[in-house]
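K.L.:
Between the sequences and the hints, there should be enough to build the whole structure, so can you do that?
Counting in our numbering, the sequence shown runs from 54 upward without gaps.
There are no misleading hints in this set.
Derived pair list, reagent style BS3-like, types lysine-lysine, alpha-carbon separation capped at 25 angstroms:
no., residue 1, residue 2
1, LYS110, LYS141
2, LYS179, LYS110
3, LYS144, LYS203
4, LYS58, LYS179
Hints in this document: simulated from the structure, not taken from any laboratory.
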Amino acid sequence: MLQRKTVALVLGCGSSRGWAHIGAIEALEEENIPIDYIVGCSVGAYVGAIYASGSIKSLKEFVLKMDGKVFSYFDIVLPRSGILDGTKRLKELFTIHTDVQNFSELNITVWMVATDPETGQKVVLKSGSILEALRASISIPGLFAPARIKNRWLVDGGLVDPVPVSVARAIGADIVIAVDLSSGNISKNKKKREGERVQAEKTSLKQEVHKNELISKLSAYYETAELSFKSKINDLFKKEASTPDIIETVTTSINIMQDRISRINHAVAPPDVFIQPHLGGLKMLDFDQVEHTIAEGYLQARNKIDDIKALLETE
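P.N.:
Structure (structure tokens):
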């Protein structure tokens, strides 16, 4: 009997676009596509780790309930090395879905990518504390304070490898499926069928009583914290209405950079299957378009199912 080919799922960075990874994973699961390895960068590392812990459904329910109130989770820490400090809040955002703490406890092998800002080198994190690795991988320079791991500071892996296909190749996977969120394409189709599917799920979720008491408390607390967060940012920077704020400037610049890096990296080390949700109209911090983002990830992954199955069947 022939041994099945191994499959690596690469989940790229993209901030608010990251919820598209949830939809892509759902599409793969519906068709029983096996995933042996996950390589994640930034939000891709976060979604990948939760999926590998067996809690992707919990994450989906949570982001639909929160409906965009994500950055209110993080504490303003000016004038230190980043506007936000995600250590405590990241722990909350991860542990409400799973009790897993170390890479060795995950159901699927996960590798995460970060960057050493001093050397410019890509750093692959694959053992020890998941939270420490996540904290490093999501640290967008200027927005989040860097993370300290093993005597060195680390920041977002998207600076050097936004969609780390080369890492999946290094693992030795036979088939590499990559989800790239940096595409400038804009979805013209409103995804009526997929949108209705997600909307129905969201309506059902709103009608049921929260099963997780912690989520209920957090939802209520951060409902008001979102307004407080925006107020603090406006007070800190006193920007004119006609000029972009500092967060928008930083994230937009990084998005442009990551798109260029991805194009170069993919030309050198292309994946076997390339999934690109059409989210070009979505800014990196537009966390209030959860339904559309998940649906777009689902649709674009569904469009690649036949290609994936053909690769799995090829000897």
